[in-house]
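Going down the list, the protein sequences come from chains A and H. In terms of the working numbering, the first sequence opens at residue 1 and continues consecutively. In terms of the working numbering, the second sequence opens at residue 1 and continues consecutively.
Some hints could be false.
Chain A regions said to be covered by chain H (calculated; three or more residues, Cβ under 8 Å) [what the hints assert, rightly or not]:
#1 84-98
#2 140-152
#3 168-174
If you only want the chain H side, here are some residues facing chain A, beta carbon under 8 Å, derived [what the hints assert, rightly or not]:
#4 L23
#5 V79
#6 G230
#7 P243
Source of the hints: derived by calculation from the structure; they are not laboratory data. We treat Cβ as the ideally placed atom computed from N, Cα and C, and that holds for glycine.
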Amino acid sequence: MKNSPVKTIVSIGIGAALFFVLGRFVAIPSPVPNTSICIQYGLLAFMAVLFGPLAGALIGLIGHFLIDLSWGYGIWWSWVICSGIFGLLMGFAGKKIRLEDGTFGGKEIAIFNIAQVIAHLICWVVVAPILDIVMYAEPANKVFLQGLVGGVSNIVTTAIIGTLLCIAYAASKPKKGSLKEEK
Amino acid sequence: MRNIFNYVDRPSPIHRLTGATKLVCLLLWSFAAMSTYDTRLLVFLTLLSLVLFALSRIRFSDVSFLVSFMAAFMVLNNVLIFVFSPQHGVTLYGSSHPLLSLGGQYVITREQLFYHLNLVLKYFATIPIVLLFVCTTNPSEFAASLNRIGIRYTVAYSVALALRYIPDIQKNYHEISQAQQARGIEMSRKQNLVKRLKSAAAILIPLILSSMDRIEVVSNAMELRGFGKGKKRTWYMGRPFRPADILAMVFCALLLAAAIALNVLNGGRFWNPFR
Chain A
1 MKNSPVKTIV
11 SIGIGAALFF
21 VLGRFVAIPS
31 PVPNTSICIQ
41 YGLLAFMAVL
51 FGPLAGALIG
61 LIGHFLIDLS
71 WGYGIWWSWV
81 ICSGIFGLLM
91 GFAGKKIRLE
101 DGTFGGKEIA
111 IFNIAQVIAH
121 LICWVVVAPI
131 LDIVMYAEPA
141 NKVFLQGLVG
151 GVSNIVTTAI
161 IGTLLCIAYA
171 ASKPKKGSLK
181 EEK
Chain H
1 MRNIFNYVDR
11 PSPIHRLTGA
21 TKLVCLLLWS
31 FAAMSTYDTR
41 LLVFLTLLSL
51 VLFALSRIRF
61 SDVSFLVSFM
71 AAFMVLNNVL
81 IFVFSPQHGV
91 TLYGSSHPLL
101 SLGGQYVITR
111 EQLFYHLNLV
121 LKYFATIPIV
131 LLFVCTTNPS
141 EFAASLNRIG
151 IRYTVAYSVA
161 LALRYIPDIQ
171 KNYHEISQAQ
181 QARGIEMSRK
191 QNLVKRLKSA
201 AAILIPLILS
211 SMDRIEVVSN
221 AMELRGFGKG
231 KKRTWYMGRP
241 FRPADILAMV
251 FCALLLAAAI
261 ALNVLNGGRF
271 WNPFR
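In isolation and in its complexed conformation, chain H is listed as follows (with noise of 0.2 Å):
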C-alpha cells in the first residue's frame, strides 16, 4: 500500500525532532501565517520556509505530485476572487492605482494586485511547512505528540486508530467497488448524476455495514485489554524534548508574537505601502 501521508525516512536535524514539537511549530506557524497581511513578514517567513527546506533534505521529487496539485488550487482561487471581487484590494487599502481597465468593474489596480501577491505569499509561507511536517513526521508518533501537547489520550488514541485503519479502509473499498463494477455498477461521467450517486450508496453501504462491525471487534478487543482504565498512558512511539526542540518551540512562539505585533503596529492586519 502506497503510503499516504509521504513520509520520508531520512535522518536530518527536522527529522530529529520529536513530533510534538514540529505540532507545536506547525500550529504557531500556521497562526502566524495566517493572521498576518505583512509583506514583510510574508516574505521572512517564505524564505525561513525555504532554508527548513533544505535543511530537512527533502527532494523536490519527494513533494512534486503535492506541489503541482496545490499550485492549481492556488490559480484557481486567485481567478475566483478576481472575477468575483475585482475591487477587494481598492477597499482594503483605501485608495486607487488603475493599471488597466478589461471593461466594466474589471479593472486591474495596483492594490488588488498587491493583495494577491500577498495572497500568494501566505501559501508559500504556510505549504512548505505543512510539507515538511508531513514528511519528516512519522504517522505513529503522531498520536503520541498530540497526548504531548495536552490532548486527551483516549481522543490522540482515535487519531491512532484512524491513522491505523486508513489503509484496510481504501484496500476494502478497493475490493467492494471492483465487485460491484463486476456485478455492472458505473460511476463514471458516462452515467447520470443522481444513478452515479446511487451506485456510489451500492459500494458504501457494504463497506460502511463491515466498519460497523469492526468498530464492534476493536472495542471489545480494548475493553477486554482495560484500556481507558488509567488516567495516563505511555506511547511507543513518544521521545522526551531535547535543548533544540525547546529552541524550535520558543523561536515560532516569538515568530506568532512578531505577527501579533505587526498587526498592532499597522493598525490592522494589512501593511498598506499605498499611504
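Only chain A is shown next, with the shape it has when bound in the complex (with noise of 0.2 Å):
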C-alpha cells in the first residue's frame, strides 16, 4: 500500500509531535547522573520504517529542532541534523520491511536491528562528533566519546522499544492473504 502525500505530511507533524513528548518529558533516570534515557529514538525507527526515508528525516529533523527550542539553550545544529539523518537512513531501510502488510518476523527484526546500529553508529559516532568539531571547534576527544555514549544508549533503547513497538504494530494490522474465498 502507497502512501498518499497528505498522509505523509500528516505522520510528520504528529510524529514530530509525539517525538517531541517523548524527548521533552519522557525522562528514564539512567544510572550515569545528570543524563537520562531518549527513547525517542526508538519512536523515530518505528515511524520511518513505516512512513519512508523523508517522513522519517523530517520527524528527525522538526522533532529535535522543537525540543532544543523549547529547552531555550540554543539550537544545537549538530545533534538536530543527524536526528534528520538517522531518520532517513531508517526509512531506506524500512523499504525492505512490509510493516503495513502487518509482517514482522524473525528476519524483519534482524533487519531492523542491524539497520539501526549501523544508522546509529553512522550519525552518532561519526557524523555528529564531525560536525560539532567543524561548528563549534570542540576538542575531538570529548565529543567522540560524548558521541559514543550517546549512540550505544540510543542502540540500546531503540532495540527494545522500536522491536517492541513494531512487533504491536504488525500484530494490529491484518495479514497480507489472511483472507480465503470460499468455494
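From the two separate chains plus the hints, produce the assembled complex.
And the structure:
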C-alpha cells in the first residue's frame, strides 16, 4: 500500500509531536548522573520504517529542533541534523520491511536491528562529532566519547522500544493474504 | 495546559516584527555566533542581545527557569571539555602560558581559559536571541513564517500540525501513564534498567497505536477538504513585511557578513591575542 502525500504530511506532524513529547517530558533516569535515556529514537525508527525516508528525516529534524527550541539553550544544529539523518537512513531500511502488511517476524527483526545499529553508529559516532568539531571547534576526544555514549544508549533503547513497537503494530494489522475465498 | 514554548504576549517593538523576520534573524544571528570565535564580535553580540532583550519587555522572571537549566548545561559542558582536553587552548592558539599546575597534563593555561571564555561568550551571544524568538513569536505564526522564507507549505503545515498536537499527545501520554501505573507499572530508579525500558514500552504502545489512528483520521479529513491541491496557500496568522522587518533582516545579514569577514581577516576562526 502506498501512502498518499497528505498522509505523509500528517504523519510527519504527529510523529514530530510524539518525538517532542517523548524527548522533552519522558525522561527515564539512567545510572549515570545528569543524563537520561532518550526513548524517542525507538519511535523515530518505527515511524521511519512505516512512512519512509522523507517522513523519517523530517520527523527527526522538526522534533529535535522543537525540543532544543523549547529548552531555550540554543539550537545544537549538529545533533538536530543527525536526528534527521537517522530518520532518513531508517526510512531506506524500511523499504525492506512490509510493516503495513502485518509481517514482522524473525527476518524483519534482524533487518530492523542491523539497520538501526549501523544508522546510529553513522550518526552519533561519525557525523555528529565531526559536525561538532567543524561547527563548534570542540576537542575531538570529548565529542567522540559523547557520541559513543549517546550512540550506544540510543542503540539499546531503539533495540528494545523500536522492536516492541514494530511487533505491536504488525500484530494490530491483518496479515496479507489472511483471507481466503470460500469455494 | 502549560504553554511549553513560553510565548509571552506583551506588546513591544520586537513582538511587532513578523514571525518570518524573527526566524530569518535567528538563523543569521546563530550562524554568525556559531562561525566566529572572535572575542570582540562575541562581546558585541552579547551586549546587543541584552539590549534587544530589554527592548522586548520580557522580564527575567519569565525565563528564569530556562536560564538556570542552561547555566547548568554550560557549566557541565565546560567541565567536560577541560577534563577531556586541558591543552585544547594551547593547540588552538599555538602558545602556552601556564598559570597553575594540577598535576599531569592538567595545567591551567591562559590559552585554555581564553578558549573557555570564548565558549561561554558564544552561549551568551546566542541564548538571549533564542529566548527572545521563543518568547515573542506566537507558535501559530511560526508555520506561516516557515512558508514565507521559502519552505514548501506542505512541510510548513507539518510543523503547524506538530505544534497543534503536542498538547494533545502530552495529555494522552499522561492519562495512559497514570492508568498503567494504577496497574502496577514502575518507572522510577527503584526498578532495574531493562524493566524500566519495558514499562516505558507498556505506555508507549497504546500511545503510539492510538496516534496512528489519529493520523488516519486527520489525513482523511484533510484529504476530503482538498488539502495539497493548490500550489500556494494563505495563512491566517501571516502578516506582510513592514520597513522595520526589512531593516532587522538587513542588519542581521550584516552581522553574518561581519563574522565571515573577521574569519578571513584573522586567517581562521580564532582571534589570537597571544601572537
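Each hint, compared with the structure:
1. 84-98: violated (count 0)
2. 140-152: The restraint on the stretch 140-152 of chain A holds, since 5 of its residues have a Cβ under 8 Å from chain H and three suffice.
3. 168-174: Result for this restraint: holds, n = 3.
4. L23: At about 11 Å, which exceeds the 8 Å cut-off, the nearest Cβ of chain A leaves the hint on L23 of chain H violated.
5. V79: Hint on V79 of chain H: violated, closest Cβ of chain A at ~11 Å, above 8 Å.
6. G230: 13 Å, violated
7. P243: 28 Å, violated
When held up to the earlier numbered hints, the structure conflicts with 1, 4, 5, 6 and 7 and fits the remainder.
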